[in-house]
Structure formats: C-alpha cells, structure tokens
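Asks: The chain contents come next:
2 protein chains.
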Amino acid sequence: MTTRIHKLAIFGVGLIGGSVALALKQAASVGEVVGVGRSRANLDTALKLGIIDRIATTTAEAMQGTDVVLLAVPVGQMAALMREIAPHMGAATIITDAGSTKQNVAELMQVHLAAHLKNCVPGHPIAGAETCGAPAARADLYQGKNVILTPLPQSDKTAVAKVRALWQACGAKLSEMSFAEHDAIFATVSHLPHLLAYTLVDMIARRGNADMLFDFAASGFRDFTRIAASSPEMWRDIALANRPALLTEIEQYQASLEHLREMLATEDAAALEAMFKRAQTARVRWPGK
Amino acid sequence: MTTRIHKLAIFGVGLIGGSVALALKQAASVGEVVGVGRSRANLDTALKLGIIDRIATTTAEAMQGTDVVLLAVPVGQMAALMREIAPHMGAATIITDAGSTKQNVAELMQVHLAAHLKNCVPGHPIAGAETCGAPAARADLYQGKNVILTPLPQSDKTAVAKVRALWQACGAKLSEMSFAEHDAIFATVSHLPHLLAYTLVDMIARRGNADMLFDFAASGFRDFTRIAASSPEMWRDIALANRPALLTEIEQYQASLEHLREMLATEDAAALEAMFKRAQTARVRWPGK
Chain P
0 MTTRIHKLAI FGVGLIGGSV ALALKQAASV GEVVGVGRSR ANLDTALKLG IIDRIATTTA
60 EAMQGTDVVL LAVPVGQMAA LMREIAPHMG AATIITDAGS TKQNVAELMQ VHLAAHLKNC
120 VPGHPIAGAE TCGAPAARAD LYQGKNVILT PLPQSDKTAV AKVRALWQAC GAKLSEMSFA
180 EHDAIFATVS HLPHLLAYTL VDMIARRGNA DMLFDFAASG FRDFTRIAAS SPEMWRDIAL
240 ANRPALLTEI EQYQASLEHL REMLATEDAA ALEAMFKRAQ TARVRWPGK
Chain A
0 MTTRIHKLAI FGVGLIGGSV ALALKQAASV GEVVGVGRSR ANLDTALKLG IIDRIATTTA
60 EAMQGTDVVL LAVPVGQMAA LMREIAPHMG AATIITDAGS TKQNVAELMQ VHLAAHLKNC
120 VPGHPIAGAE TCGAPAARAD LYQGKNVILT PLPQSDKTAV AKVRALWQAC GAKLSEMSFA
180 EHDAIFATVS HLPHLLAYTL VDMIARRGNA DMLFDFAASG FRDFTRIAAS SPEMWRDIAL
240 ANRPALLTEI EQYQASLEHL REMLATEDAA ALEAMFKRAQ TARVRWPGK
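Just so you know, the sequences run in chain order P and A. Numbering that gives the first Met the number 0 puts the first residue of the first sequence at 0, with every later residue one more than the last. Numbering that gives the first Met the number 0 puts the first residue of the second sequence at 0, with every later residue one more than the last.
Source of the hints: derived by calculation from the structure; they are not laboratory data. A few of these clues could be false.
[Unchecked claim] Distance condition first, Cα-Cα at most 25 Å in a straight line; then the derived DMTMM-like pairs of lysine to aspartate or glutamate:
#1 K288(A) - D222(P)
#2 K288(P) - E180(A)
#3 K288(A) - E180(A)
Predicted, not measured: the structure shown is a model, and the values here were computed from it.
Take these sequences, add in the hints, and give me the full structure.
Replies: The following block contains the structure:
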C-alpha cells in the first residue's frame, strides 16, 4: 500500500475540505484534487486559490479513477450524497468523511454504501469551524490537532491505514475509538456548550430590554457566547444526529445547575467556593487554555 | 467644583485600582495617589511602577487630606474596610467603589458610612479582571469601557459629578441607574454566564474520564469556559451578594434549557433551528463581538 493519494475527490470544498487539500498538496501527498460542490462560485474560488486542481460537474466525473473520497459536507447532506456516490464507487475506492457526529454517519454508510463497507472509514477532525467557504481554508488547519477515526466493524485495515496516512500528512494527531464513545465525548465537550451558549443568547434576545443588556455585556460574555454565532443549520443537524448522548448530557447539566441553585438559595458559601475552586483548578490546568 | 483630584486614596491597588491611578496620572487629573493594601509586596511593586506615589501604612495616614477615596477591594472585604475608614472621613471626602454588585455596597454604606451618605457614590467599571495585582494595571484599561454609577438617594450632586469626572478622565463611558437595575443587568450578562461555565467545567472534572474529555475539548470549549478560570473567592462573594437577582436568572435559564431539551427530545427540527437562528442573529449583530 502506498500512502500517497493518486486522485482525491472532495465533496464540499469549504474550510474543512479545502484545508485537507492544501495540507496534502503542501506535503506532496496527493496527485490530483478534484472538487465537487453545490456552489459553483465557491468551486471557482477554490480553483483560483489552487486548493483544487479541477472542478467536477458530475459525480461520475469526480469518481473516475479516484482512490480516496472525502465527504466534507454538513451532516444533513450526507445521506443524499452517499446515495449519489454509491454507484460510482470502484472496488478499491476508499471513502471517509469529516462529520461532527459519527454514529449517524456509520449508520448511513451501512445503508447507502453496503457493498463497500470495507472501504468506509468515518472520521472527525477537531478543528475550528467559525469561518467557512474555500477562502477560509489553510494548509496548517490540522497541524497538531486531534483527528478521530471511528472505523466500522467491516472497515479493512488497509483502508483505515490509508485514511490515517491522509490525516498524518496534514499534521494531525490520530485516535481511534467506537462511534458511541466519540459521540458521547463530543456531546460533553462540544455539543452541550454550543446548546448552552445558544440558550443564553436567545434568552437575552427575547427580552424587552435586550438592547440594554447586550450594551453592558463585556468580555466574559463575548467569549462565553462566541459559539452561539455558529451555523444554525449545522447545529440543528448535529443536535439531532447526536440526540441520545446529548439528551443525557443536558439532563446531567440540569442536575448540576440545580445543585448550584440550591447552594446559592441556601447561602452555602463554603460549597459554592469549593465548586468554583474545583472548576477553576481544572480549567487552569487544562493545557488547551 | 474642581474636577482635578488633589489626593486620591486607593484601597486595593490591583488591576482595577492601579489602572485608575495610571489613567488619572496620564490625564494629569490627580495630584497625589496614596495606596493601601493587605500585601506589602504588591504595594512596593505599585510604588516602583509609578502607579502610586506613596504607601500609607495606616488608614489615618491614607485619609489625611484625601478628597477622593476609591475602594477597589473584593466585595467580601468592603464592610470591614468601611468600618475602618468611617472615623477618618473628612466633611468633604468623597468615597466611591469598584465592586461588581451594587445593592450590597449601597446597604453597607447606609450602615457603616451613615454620617457621610451625601459623599458616597457607588460605582462599577465594566472592565476585564482575568489578571490581577498591580503589575496588571494599565492606563488604558477603561478607555471606551462602560462605568455605571448607582448613586444613593442621599448622594450629593457635586459628589456624583466628581466621581463622574474621575471616570471620564480615565476615558470611560458613564451611565447612572439604580442599584436594583444594575444588579439585575449584571446577573444576566455576567454573573449567570460565570456560574454556567463553572458548572460545566466542574461537571466534567468530576467524571472518571475527565482527562480524556479535556483532551478532546477544542476552541469552542476554550472560549466558553475561559471565565471558569476566574477567582473562586471573588465569585463566591459576587454570587452571594447578588443572590436574589441571580436566583431569578438561574431559574429563567433552567426554564429555557428545559424548553430546548423538549425540542430535542421531540425531534422538533424547525423549532431547534429557529431558536439557534435567533441566537445566532443576535450574537452576530452584537457590536462587542
């Protein structure tokens, strides 16, 4: 097996897909990159910026002679895209994705790519996505960042190795785990905080004095709510795709918040300080600070 | 009335108090700045950095000939400090503070500075406080930032004008409101987010797989939880000082979060997206982004 990719087809040439293309080109780990997408203007930009070498106008054209396919589209578009791609999959074509939730992608692959499961390798690069579109793509986006692969029971070892090699060429740190473990982890550290931030901003925005409240909000509020500026469509899809794990997290957070409310209601200064202290210690120790 | 301050006594020469001193000196709006504090090392640093002109070792010495007193200590130390200062207040000495909650400061002034209420002007500069101590002080900390004064019913107009002039010389934007309005606003836009961030980090830190969870947390988590690195003692005091308003905010947030949980539990995609969209629109429009 060669780790170099002969032809890579990227469906969705935005921040995520475009950055993979730039990183692989910089590492000389790819021959040709073909881009497919719903916005012709974005593809033209990607071509002009040297992110892709060619625009494919049909799926058949994109898939012709392709050894690796990357699905870098919102979770909600995965099913339709897999259905479209399936008839064009070659015997050795490897397919991976960059979706934020993994159980749903695994299930969709089982349904729509049933004849090609040994070459299916779901993945999730953990890299910022506040900006979007091809112009946001950067060759160093994945440098030192975590990428998690959640191989299917049917995934072939060589297919997994090829996808690992793709991300390693991008500079990423690779992990493998089950989709269930992945989805539980990200429900806690990513999906829940997004929902909590949306909830606070919406609660304030619906008030009669919202303008004045926003006017006095300062840097703490700015950082806490930055993720509430994320795409509503994308987060609707993520929340629904990871519903069971996310519901569990919301319920645990509700219990924790109720416990805090009780400490405050009963003026339990020592318990409040102990809880704030535990959180502060953990947050200050966190290497990602 | 002259807006220039002859002698300013700052109790607590940290980020907040020290930055006032530097700003007033830069604006040539103060004659002498005297510093008082619990840490001799910090005061020595402040003196060396030119933040204060002199260290006062007794309250009597600090108050001698002082026309403006600034209390820039944690909320929990205010009562003891007011009791100590009261006997040394001159007939024209004006006293203000920089506490994050205002009802409690107003009440403490009514109790401990009862003979001087016309010269009492509670205030709150809205400026970051993640760093602390004299070395963190900067002359431009308040440039363009909001400062809210919550005068007492007894506060004299000339005293209020003098405190306004102090903050204007620091470059701040002044507002006046009641302490009740102030405390309600900051319960919403500052105190509640701090408690929500502490709650999430503590919930994660208490789990058996906390290390792995923190390991996969990324930039969204980083920003959302930055305020959970704030001082536990300070936030214990703020939470308790603003207990009634904060309990109301927690309860409203609990209701909002429960509503979100229900939308997710019932897979109401349209309602989820509409809520995320309202929040996103408000957040993107916010000028402080």
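Asks: Which of the numbered hints above does this structure break?
Replies: Violated hint (a single one): 2; every other hint is consistent with the structure.
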